[in-house]
Amino acid sequence: MKNNGKTGIIIAGLIIGAIASLLVYFGNPANMGFCIACFIRDTAGGLGLHQAPPVQYIRPEIIGIILGSFAIALVKGEFSPKGGSAPLTRFAIGFCIMIGCLMFLGCPFRMIIRLGGGDLNALLGLAGFALGILAGVAFLNMGYSLKRTYKLAPTEGGILPAAAVVLLVLLIAAPAFIHFTEPEGGPGAKHAAIAISLVAGAIVGCLAQRTRLCMAGGLRDVVLFQDFRLISGFIAIFAACLVTNLILGAVTGGTYFHAPCRLCGTGDRSHGRSVEPARHVCSRTGSNPSGRMPAASAGYGRRRQHGQCSDSSGTAGRRCILP
Amino acid sequence: MNCVITFFNHFGAVRYKRQAERSGWKVQLSPVPRSLSSSCGTCVFCDSGTDDPLKFTTDEMEQIAVEEETGYRTVWRAEES
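Which chain is which? The protein sequence lines are X and G, in order.
Take the first sequence: its letters are residues 1 to 323, numbered as in our numbering.
Take the second sequence: its letters are residues 1001 to 1081, numbered as in our numbering.
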């Protein structure tokens, strides 16, 4: 019986964890160095698919993941597009997963990054996530199946990488119809340089493709097979995040362990420097839950600037509902 | 025959294991080895003795591979997979 070694996935986890923390150093939001769900949300906002000004930015990390994993699959001869397995069911499940992730502060990857940043809210998320996996395993064992996949034409598999290239062009060219969160306007305004984010995403994409790093699969394997290979990658991510945060904190003098906003779960720190609570803009409400709203903060300011909000009160904690 | 069988879905592996166990084969569910697939699915390691592992062919079977010193060699693969 063959058993794949854990060394590769542990090394990959250590690299990915360090990258996630370093992205915070280079400008990404604290405890959100790398969050797939949040970055897809930001990208959707950047394309104007939603109108929440604090979270609008085409994240190069997502582009990097797609292109990195695509490139390594091509190089290794593993590019083999498949599909045709219950597409509508998968769409509906993906829809619900995304809502769950954004409601409860991030994807499984960010859950681990949060833990590495000392945010113990993620422990509850981890407990809920594990319960969800157990429910899924029960369904699997009772016979639930999305049926088989079928081989697709290479052009089908090339569409997403092509779309990623288009997104990169839009991000760099920044035409008028692409949205960007205003400076200090929320998490979308916090980002590392495009090249750094792109390379980081490509590295993560390559490593994920080679190691099959998967949090849900890791917990499933522990439950079903008592196999700890996949989950060891996420334990390595946690360890690397924790150590990198400690090192960055010691070197830069800032803090990489934050207390999240009670409304949106994000903090408002950049490059490890603490920012006054009054300057935090909630990504959910665009307001400041501390009770003080800085005049220049983007929640109201940006809306006024764009002539979309006639509420000039700037009342702290209130959400503008005017058109 | 000692082999590893991969499936398009988890339940296919569970069902194959149950059928094989009834025939007295030695079988074990396991994560799919990385060298066999980039998908993190479920496979069955199987010792079918003198029987053909294709005895319990189902639509859910993706491939059968045998372990060699240099890795795995696929000896059967489902159409359109």
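Just so you know, these hints were derived from the structure itself, not from any lab.
Bear in mind the structure is a predicted one, so any value in this text is a computation, not a measurement.
Check the hints yourself; a few may be wrong.
With a cut-off of at most 27 angstroms between alpha-carbon atoms, the simulated DSSO-like pairs for lysine-lysine come out as follows [unchecked claim]:
1. LYS1026(G) with LYS151(X)
2. LYS1017(G) with LYS6(X)
3. LYS151(X) with LYS76(X)
Outcome of the hint check:
1. Only pairs whose Cα atoms come within 27 angstroms are accepted, and LYS1026(G) paired with LYS151(X) is rejected, the gap being roughly 31 angstroms.
2. Straight-line distance between C-alpha atoms of LYS1017(G) and LYS6(X) comes to about 26 angstroms, which keeps the hinted pair within the 27 angstroms bound.
3. The straight-line distance between the Cα atoms of LYS151(X) and LYS76(X) is roughly 18 angstroms, inside the 27 angstroms bound, and the hint therefore holds.
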